[in-house]
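A.B. asks: Single-letter residue listing:
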Amino acid sequence: MFETLTERLNKTFRNLAGFGKLNEENIQPALREIRVALLEADVHFRVVKSFLENVKKRALGSEVLESVTPADQFVKVVRDELARTLGAEEPPPELRKNPAGPTRILLCGLQGAGKTTAAAKLAHLLGKSALVALDLKRPGAVEQLRVMAEKVQATFLPPADPSDVRLSARKALEEGRAFEHLIFDTAGRLQIDEELMEELVEVAGIVKPDEIVLVLDAMTGQEALNVAETFHKRVPLTALMLTKTDGDARGGAALSIRHVTGIPIKWIGTGERPDAIESFHPERFADRILGMGDVVSLVERAERLTDTKKVESLTKRMLRDGLDLELFLEQMREMRKMGPLTELLSLLPGGGNLAPMAAGSEEELKRFESMILSMTPRERRHPDIIDHSRKRRIARGSGVRTEEVSRMLKQFRKVRGMLGAFTGGKKGNGILRQFFS
Amino acid sequence: MLTLAGRLRRGLEKTRKKMSAVIDVAVGRGLFDDAAAEQIEEALIEADIGPEIALRLVEDVREWVRSAGGGVTAETVREKIEMDIAEILRGSGSGRSEEIPPNGNHSSEQPRVTILVGVNGSGKTTTAAKLAAQAAARGSRVLLGAADTFRAAAIDQLRVWAERIGCEFVAQDQGADPAAVAFDAVQAGKSRGCDEVFIDTAGRLHTQTNLMAELEKVIRVLGKIKPPDHCFLTLDATTGRNGLQQITTFSRSLPVDGLIVTKLDGSARAGVVVEAVERLKIPVRYVGVGETVEDLMPFDPEAFARELVRTE
Ligand SMILES: Nc1nc2c(ncn2[C@@H]2O[C@H](COP(=O)(O)OP(=O)(O)O)[C@@H](O)[C@H]2O)c(=O)[nH]1
Ligand SMILES: Nc1nc2c(ncn2[C@@H]2O[C@H](COP(=O)(O)OP(=O)(O)O)[C@@H](O)[C@H]2O)c(=O)[nH]1
Ligand SMILES: [Mg+2]
Ligand SMILES: [Mg+2]
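So the sequence lines, in the order shown, correspond to chains A and B.
When the letters of the first sequence are read in order and numbered with my numbering, they come out as residues 6 to 442.
When the letters of the second sequence are read in order and numbered with my numbering, they come out as residues 90 to 401.
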């Protein structure tokens, strides 16, 4: 199963005698672990190098705390350094507003990064916006923006001349004078496409944007840095928006770009819908890059959506007694209240593997419920005793076919198995246990 | 106007220069020492090959140099790495042939059905159009089915392509059941005597289990009329390590029988496919090298590896 970075680091430190002090020597294996973690998170290899130098300096200079293990202490140094690089010590970046007239926001980036969606998201976030269609290249792009504008109740400004980007930009500026925000969607372009980069420079010259946002896919690999640097050289970027962070990409590109160019990451995209936009939190993102799970978000969402006390007590019960069908049912009911469970689970390290198991539909839940309610208390607590004749009885009692009972039990066992690994077994030290004990 | 290969090369030029220059410098002293190994490893990592395979490739070179008893040149090192990468890629059955071997579902029954899947923005719609246009150019009767009923104007995008290509087009309203659209498309393909049906689907992240289940349903429903002959997964060449997760998860849920690496005309090199192909044994079928319908080429493992490593 998965092994969190902390677990791996724990191992590297465990072999060391004289627990306590970090020194040049005992820190090496840990630095190697961090190196691989960062590279696997798509942080640019050169950034990894200089980042590790900083970490080393800080780790060696750091106070030795009595209460924590070297692994914990080391992780803390790494996280703090990551968060710092991502902007944790600076005030949250704000939108650069134009005091006289509309604030002009120009979006740019590679093909398929999520620019058009980002345009609608920003309109949703900021309100009082007009969306300007300047992608005259991709088939259906103008129509896409029109539909999105409608969804967020923003004004849509179609291109004045569908064959002339520059003219359309100029006309939109005139037409959009009364709006608070003018958001310009542009065609995707490769940073090595000289012609299209030149077009972008000219459009920026016409629009004179207050914000030039590079929209970047969180899944982008090592090349992200080169992309950002090249765009930045041609048009002075003022912000980065990282899209598709609702997936399991670690998003190391954010670190590379921020580290090298200093461009602040202002927003992240968390889904396809126009309200799926959030401001950027350096600490949370540091955890994400390290593969430690977006634990803060998880806790926040859980708090927002459900009775955490209840979940907590259920989880504790599960950790103590193992999972039985009664708990399984209660968990399912509770978790459903939290909204898409899969989304929640995917925020936890390794949770992505668990998610498919728990993704039952409302209907399925109801069927499960009636099957479980048709069982005797003993069957619920010891599902392994359910043999074929018991299955037949349960099926009859709940009006389903016997195979469905089997299927439900199979799924239950799968979840139980997964949870075992997830919690580190009864005596283990898995992530759930850490959070709920 | 650049040729397709030229366009691919232009994109890869930078890397090639970089990696090649690195190898020149690293091995320039005629030694393959730790410093040389590290530099080459980093150049491979920068191509998104991943730390694990990069290290292995470099260690293989080291071993090979040792057994050859020295006499190493930058050129031989390049060749060695290139060959190793090509071999991994060939191992999955990726080949040069224009004709894609049929998967297990293939039957001679018309039409041949190909479905495109992948994460958001990876190039499914454009690739469907490219495949359709190239089939049409070969004289096939072609139909495009718009089963992305989710993204705003996705249907319009595909319709524009169908009009440009002059092929058959099947769509329903925005929000319709994608499985129903796919079914319709194949049925229409049958009744209109089409040779090829290409079905575009909505982008989805592999972590979205409900949306993955939706695709499974599309495949299941198609099974009632004709199981898809091909299920191609598009992968954006700029994708980093997450590509591995994408390919793993998609191919676990769906009968993926080929990868299409899109946007290789950019500067990214899609090194992640090397590991994906090795682990999952899914062949790469085509590469996308631009935004017009001509910009699709059959995948060539040797060329891919060469472009990754070599100078002219
Ligand atoms: N899951 C997810 N999908 C996104 C996000 N942002 C954009 N997308 C999807 O990515 C694809 C490309 O987005 P689009 O805005 O058309 O990209 P553009 O080509 O840069 O304008 C579409 O399928 C969008 O729905 C996001 O934050 N999360
Ligand atoms: N440069 C380049 N752009 C591409 C390629 N394939 C697709 N695109 C562009 O990538 C963007 C997203 O493509 P699309 O087919 O809409 O992706 P989908 O969301 O997966 O259907 C569009 O702007 C396409 O023109 C390619 O091979 N090279
Ligand atoms: Mg767009
Ligand atoms: Mg599409």
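Just so you know, these hints were derived from the structure itself, not from any lab.
Note that the coordinates shown come from a computational prediction; the quantities given were computed from them, not determined experimentally.
Where hints are given, some of them may not hold.
Restricting the straight-line Cα-Cα distance to at most 20 Å, the calculated cross-link-like pairs of lysine to any residue (SDA-like) are [unchecked claim]:
1. A:K142 with B:G264
2. A:K54 with B:I254
3. A:K54 with B:E380
4. A:K419 with B:T338
5. A:K54 with B:E131
6. A:K156 with B:Q128
7. A:K419 with B:A302
8. A:K156 with B:T238
9. A:K142 with B:E252
10. A:K142 with B:E380
11. A:K142 with B:K306
12. A:K54 with B:D123
13. A:K156 with B:D245
14. A:K142 with B:A302
15. A:K142 with B:T381
16. A:K142 with B:R248
17. A:K156 with B:A265
18. A:K54 with B:E127
19. A:K142 with B:E141
20. A:K415 with B:R341
21. A:K81 with A:E38
22. A:K415 with B:A302
23. A:K156 with B:V382
24. A:K156 with B:F239
25. A:K415 with B:E380
26. A:K142 with B:V249
27. A:K156 with B:G264
28. B:K306 with A:E369
A.B. asks: Now, for every hint given, state plainly whether the structure supports it.
C.D. replies: Here's how the hints hold up against the structure:
no., hint, in the structure
1, A:K142 with B:G264, "violated (25 Å)"
2, A:K54 with B:I254, "violated (49 Å)"
3, A:K54 with B:E380, "violated (36 Å)"
4, A:K419 with B:T338, "holds (18 Å)"
5, A:K54 with B:E131, "holds (11 Å)"
6, A:K156 with B:Q128, "violated (51 Å)"
7, A:K419 with B:A302, "holds (18 Å)"
8, A:K156 with B:T238, "holds (16 Å)"
9, A:K142 with B:E252, "holds (16 Å)"
10, A:K142 with B:E380, "holds (9 Å)"
11, A:K142 with B:K306, "violated (33 Å)"
12, A:K54 with B:D123, "holds (17 Å)"
13, A:K156 with B:D245, "holds (17 Å)"
14, A:K142 with B:A302, "violated (33 Å)"
15, A:K142 with B:T381, "holds (11 Å)"
16, A:K142 with B:R248, "holds (15 Å)"
17, A:K156 with B:A265, "holds (18 Å)"
18, A:K54 with B:E127, "holds (12 Å)"
19, A:K142 with B:E141, "violated (40 Å)"
20, A:K415 with B:R341, "holds (19 Å)"
21, A:K81 with A:E38, "holds (14 Å)"
22, A:K415 with B:A302, "holds (18 Å)"
23, A:K156 with B:V382, "violated (31 Å)"
24, A:K156 with B:F239, "holds (13 Å)"
25, A:K415 with B:E380, "violated (47 Å)"
26, A:K142 with B:V249, "holds (12 Å)"
27, A:K156 with B:G264, "holds (14 Å)"
28, B:K306 with A:E369, "holds (16 Å)"
Hints 1, 2, 3, 6, 11, 14, 19, 23 and 25 from the earlier list are contradicted by this structure; the remaining hints agree with it.
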